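Chemist: Now for the letters of each chain:
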Amino acid sequence: MSSRRTETGGGRIDRSRPVRFTFDGVSYSGYAGDTLASALLANGVSLFGRSFKYHRPRGVLSAGVDEPNALVTILRGEVRNPNIPATMVEIHDGLVAESQNRFPSLAWDVGAVNQLVGKLLSAGFYYKTFMGPVVGPLRGTRFWMFCEHFIRRAAGLGRAGRMPDTARYEHVNAFCDVLVVGSGPAGLSAAKAAASQGGRVILADLDARLGGSANWSDETIDGVPAAEWAAAQVKDLKSRGNVRLLPRTNVWGYYDGNTMVAVERVSEHKERPNKGEPRHRQWKIRAGTVVLATGALERPLVFPGNDRPGVMLADAARRYANEFGVLPGEKIAVFTNNDSAYGAALALKKAGAAVVAIVDVRPDVSPEMRDLAGETEAELLAGHAVTATEGGKALSGIKVQRFDMQGGSLSGAERILAVDCLLVSGGWSPVIHLASQAGAKAEWNDSLQAFLPPKPAQKWVGAGAFNGSFSTAAAIVEGHAAGIAASGGTAAPLEPPSVEATPCRPEPAPVLEIGASGKSFVDYQHDVTAEDVRLAHREGFVSVEHLKRYTTLGMATDQGKTSNVPGLAIMAAALGKPIPEVGTTRFRPPYAGVSIGSIAGSRYGDLKPERLTPMHDWHVAQGATMQPAGLWWRPQIYGHPGETVEQAYVRETKATRGAAGIVDVSTLGKIAVQGPDSAEFLDRIYTNTFSTLPVGKARYGLMLREDGIAFDDGTTWRLGEQDFLMTTTTANAGKVLQHLEYYLDVVWPELKVTVTSVTDQWAGAAIGGPRAREILAACVTGTAVDNAALPFMGIVHGEIAGVPVMICRLSFSGEMAFEVYCGADWGTHVWEALMEAGKPFGLVPYGLEALGAMRIEKGHVTGAEIDGRTTACDLHLDWMLSKKKPFVGSAMMNREGLTAPDRLQLVGLVSLDNRPLNGGAHIVEQVDDKNPRNSLGHVTAVCYSPSLGKYIGLALVMGGKSRHGTRAFVSDPLRGRFGPVEIVSHHFFDPEGSRMHG
Amino acid sequence: MAEYSALALLKNALTGNRDWKPAWRKPEPKASYDVIIVGGGGHGLSTAYYLAKEHGITNVAVLEKGWLGSGNVGRNTVTVRSNYLLPPNTRFYEFSMKLWENLSHDLNYNVMFSQRGVLNLAHTPAQLDDFARRGNAMRHEGVDAELMTPAQIKRLIPAIDISGNARFPIYGGLMQPRAGTARHDAVAWGYARGADRRGVDIIENCEVTGFLREGDRVVGVTTTRGDIRAGKVAVAVAGSTSHVMRLAGIDRLPIESHVLQAFVTESIKPFLDTVVTFGMGHCYINQSDKGGLVYGGDIDGYNSYAQRGNLPVVEDVMSEMLAMFPSLAGVRLLRSWGGLCDMSMDGSPIITTGPLPGMYLNCGWCYGGFKATPASGFCFAHTIARDEPHELNAAFTLDRFHRGILIDEKGQGATPRLH
Amino acid sequence: MLITCPYCGPRDVSEFTYQGDGNRQRPAPATKDLGAWNEYVYDRINPAGDHNEIWQHSSGCRMHIHVVRNTLTHEITDTRPARGGHPASRHHGAKS
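Protein chains in written order, with numbering that gives the first Met the number 0: chain R, 0 to 997; chain U, 0 to 418; chain W, 0 to 95.
Because the hints were derived from the structure by calculation, they are not lab data.
The reader is advised that the hints may include incorrect statements.
Claimed, not checked - Once the Cα atoms are required to be at most 25 Å apart in a straight line, the calculated BS3-like pairs of lysine-lysine come out as:
1) R:LYS518 x U:LYS289
2) U:LYS25 x U:LYS52
3) R:LYS929 x U:LYS97
4) R:LYS518 x U:LYS20
5) U:LYS20 x R:LYS576
6) R:LYS118 x U:LYS10
7) R:LYS52 x U:LYS289
8) R:LYS52 x U:LYS10
9) R:LYS734 x U:LYS409
10) U:LYS409 x R:LYS607
11) R:LYS607 x R:LYS283
To be verified - Derived Cβ-Cβ restraints for the label pairs, each shown as a range:
12) U:GLY65 x R:SER28: 52 to 58 Å
13) W:ALA35 x R:ALA788: 47 to 53 Å
14) R:GLY575 x U:ASP18: 19 to 25 Å
15) U:PRO269 x R:VAL25: 26 to 32 Å
16) R:GLY575 x U:PRO26: 18 to 24 Å
17) R:PRO136 x U:ALA1: 25 to 31 Å
18) U:LEU417 x R:ALA490: 50 to 56 Å
19) W:ALA35 x U:SER31: 38 to 44 Å
20) U:GLY141 x R:ARG161: 34 to 40 Å
21) R:ARG914 x U:GLU53: 46 to 52 Å
Claimed, not checked - If you want the footprint, here are the derived chain R segments under chain W, 3+ residues with CB under 8 Å:
22) 738-752
23) 890-902
A quick note: this is a predicted structure, and the numbers were derived from the prediction, not measured.
Beta carbons are placed, not taken as given, at the ideal position from N, Cα and C, and that holds for glycine.
All chains should be modelled from the sequences, with the hints used to inform the complete structure.
Modeler: Shown next, in the form of structure tokens:
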């Protein structure tokens, strides 16, 4: 392959540092500083990829983030990063890249057969067919699904890996007074001005090398080459303590309150990241003011064959020549509607290319441009257009014809020019994406043929080409003014610097398409042609959003950066309306594609905190099977070798009911409710009364939501006159706290009460069973625990193994039971002391399964029954509804819908076929396993009841209480379990409570 | 207007695709109609279609403020399912599913309905029981549902992390095989074309600015394109419901407008063949035929009409997606956007006559309106034509909130951000 | 979005929990008028424009604040402690 590297030039590459890399398995070499695109071009590679629909061969169109064609997959071991523009990949030794969307190879791709039926695959063709037969096995939507199977396999670009990505991604927060986005002349000037005002400044640029267009513009600024000027500015900024420079950083999102999000490519340009270095780092920058100096992107022209490898944006070609020392072609032509491409032609001429012709759609070309054309020694074909390109997978020639700009017609003889590279320029589109994201509508400027930024809806100022000010001198002046304004300063305007540049008037001719026969591409990647746009027009999809959606114009990975305005122009022409009447696109985050990993940061492996009780390690050491319960991990069973789950919990339950058991209840929500009005507050929050509760006693309480639905239950302990400890269910701890805080802060601010979450401050163990009191007596000091000192619902303070504890006699298991609380750090110490004391009495630890079994036997409700739809009456807790006072929910709990007779009510179930029941099974009067129907309700909780020797459950059943004693069936088609049950009271075990009252 | 078919496609290809006609006309509004439908989104268009098809009412105008389908029908994550817990919802959405299954034929427009299944992942035993309850509720209403084991899930979705090491291990999942995805824009365009072919006037760029009244009765609308009178005025404007109803003097409704963001990645080769949802948070994901992963999460959680969300939810959704698929960290987010959700106070919709004489209201779809499009239009058309609800929307009244007859699928009460 | 907590200063929206429409006034506890309760719980103005709403600084001081925020632009023009009671009726938000 020929080397396209120039002898000299290329300010970005380091010719002393060769770099070796592979593309599609072939080894190439480039230089440090090269992008994959520049290095491959230097090696004479022209074919980079295949298009989405027609699999047409494609080269490289641009030199930056707007690249639609040259997409590659980068491999690092088994980790695949698909669809990366080769123009944005910095090469390093060992880089492995491969082309995509081709089979079997990039050069010979069978998918290219799609080109043969191109007319059939016109925009939106899939809406009109694939509907299949109305009857038969492929009726309904099945024929489509059959076809879709193949379409899916043909679609898609690169392949994502299935192995977890091993790279690190991290988040950083930053704050600054001024964030400057873009480091071209305008951005550098803005950053310097802002920095001089003393504020904190961040300057970010997508590129690895700061300086933007100054790095390849051929201009001089204040007498030095622009690239040197830029380097000096960067050096100056670097030396300042109040400036942070962020190269390789895509500022992709403009969110409310000037919250800017950026992703920095930290290490992917290195062969090996430094220790601890992430691949990407997300910067969340809260900026006082943002300076948008994001420049402009060049647009291609739309003409037949404009996608052939070798057709390149004029400024990109200039950039390859000047910045990378790479000639994209040896015999080039230029096709333009504006002045800027003449400068590019001259740059390529200087770099060593022969410029064959400059084809300009404008009949009248200014004398300055004629002079420039003369300097390039090119034939100037004013009032001409390119009508076709020739060649296979690389450009070999172009066809040129006389062109009438007014009518768009072609005339005269067709000339064929032999060239290997065609530079195109259709004018420039300011990069207004971030301003548009910030919430306002872009404005069309007819003379610039471009959308200009809207008036700021948030705190930003614009500068340079972003504003449509395309000259470097203006950019520097505007940048300075923007930097001062963004800092709140009022310095005098900057004297314009002396800039030596090729002359260039920014206004392009209003021509973006040459209508000639052949496929003319508007959106390269998605293969949207000018004909597709006109078809959309014919079918009435004329607004910009319909156009995009119907043709997929602008929906590819380049997000329409090069295709948006040409597409609109073609539609506007078809409609005979000006461009703004077709509509403007609202840009949305991200500006350019951004890795999901960078946005997730380090969170995804550890999405939410894991909550562990103080005794967690003890449970694990004892062989407990741990089970997630919300964010918590709790013991399910403490299984013995060879035991099933059921055998384990039955053993634990029997041991508890026979002697004693202990369970970790540290996860219960605990809220300290304190202050002079605490009792009054609780009276308003709970359905029952707490102001009458004596100090040293606890009471079971029920809360409703304002709408009258049951919310949460738990016991609340009165520790002092103004000091309560509320317990909540594990699942609702946070919600209950928020509920209390809302009423105290918003509804009753006059109440003197504070609420504090103390869930994590207390460790809790519930010890229950006929021997529980003896165990406590054996280890508690400083207080008696007999019935007199510690009656049902009584509270005492004492010590266990030298640690202060608080003990309340209450029962969830239905046994004589006590909850023992101590400081969280002492949890394991106290737990072990209780276990030790319990040894002689046969104390066993039990897990969630046994806890569940015992609560089901007692008919206690939990979150499965208090499910946000049930009322106190539904749960037979109406005895807790005070009639003497209003409480939250009391006004609304008796509405007609909440008291209807057909509501689901809590019942007990007994399995009549001696087989286990399933949670989530439904209840029916008549089983029909083929055609299950007429559900009466569902099973909320199930267990084997050792006390009854039966499989039992709780259920919510329509008209529940009236069905006691009747027979029904569980119907569980999901798990194939059907069988008879008896509906009974939910109080299975010791309904009088004699065991717990002792 | 010509039927769409493979043959038509071939014929037109041979003539350079020059003979295709507009998918729907662009008529000037007439002075009066039998029925005006305010809102040219999915529900408004399907209502017009079924008014014409099922009830023979064709003197109908659909008024759209902007371009047709510019609301949520073109902004959603395209999931179609009927995996609901509560019977009024299950029945309604299952009816919708049945309409979906034949919709492309019915409309002569390929809406690309693809029954690739919707799988809800369960991460705790309690959650799996919950899913079993819902799956059994579906089965008792004649809807398909299956429980899947982790091993079955891994076979279906090879890239999913079912290792016990995951922060939220997968205990199983609830699958509705008949659920799936459809092409959202095609649904709007297909209904528009279908209604247009039956004589309905679809009028874009026509914003309703007020209601014409005779006493209490609504007799038409004022618009940016003049006054239009109508025997019946139906409102189906989703997130703009409060705004439009205020023009009729209805100041308060059980509706809050919230913003929901959605996301799509760059195109990748087939990676995920089903719709999958994450159970410890809120994240749902599918892969489009073009190859982009389409996904979303919770609403931002505050009132908004901005069609623009904020970063915290973006970060949440990305984290949850990677918790399911840790190999996707390097794949790039390509686009994000926001839609307005008409969040009702119990999370279920409203399709009703009233609240004023001559008026009909369809709203409260939260962020699940897309899958309802066929049934919503069918039932709303019935309600408009007959002045009484269809049995499938009889429960979706406006007064159910005050009466306490709520259809609270999530059990969260009157907290719209949690539905 | 940045919300200025009157207790803590400007903080990211992710530190806050939305508690809904701040125009709503809870009826006096003993009120028997069911309509008033229903309106309080279910009915919303839901303006497209300035909205008076309540947020809790849940990952901060946990206090509740009244916020006036434009629902079309997300611009926040006023924040004050919820404890001060209902802000002046100038922010009913019914106009839009």
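Chemist: Sort out which numbered hints this structure fails and list those numbers smallest first.
Modeler: Of the numbered hints given earlier, the structure breaks none, since each of them holds.
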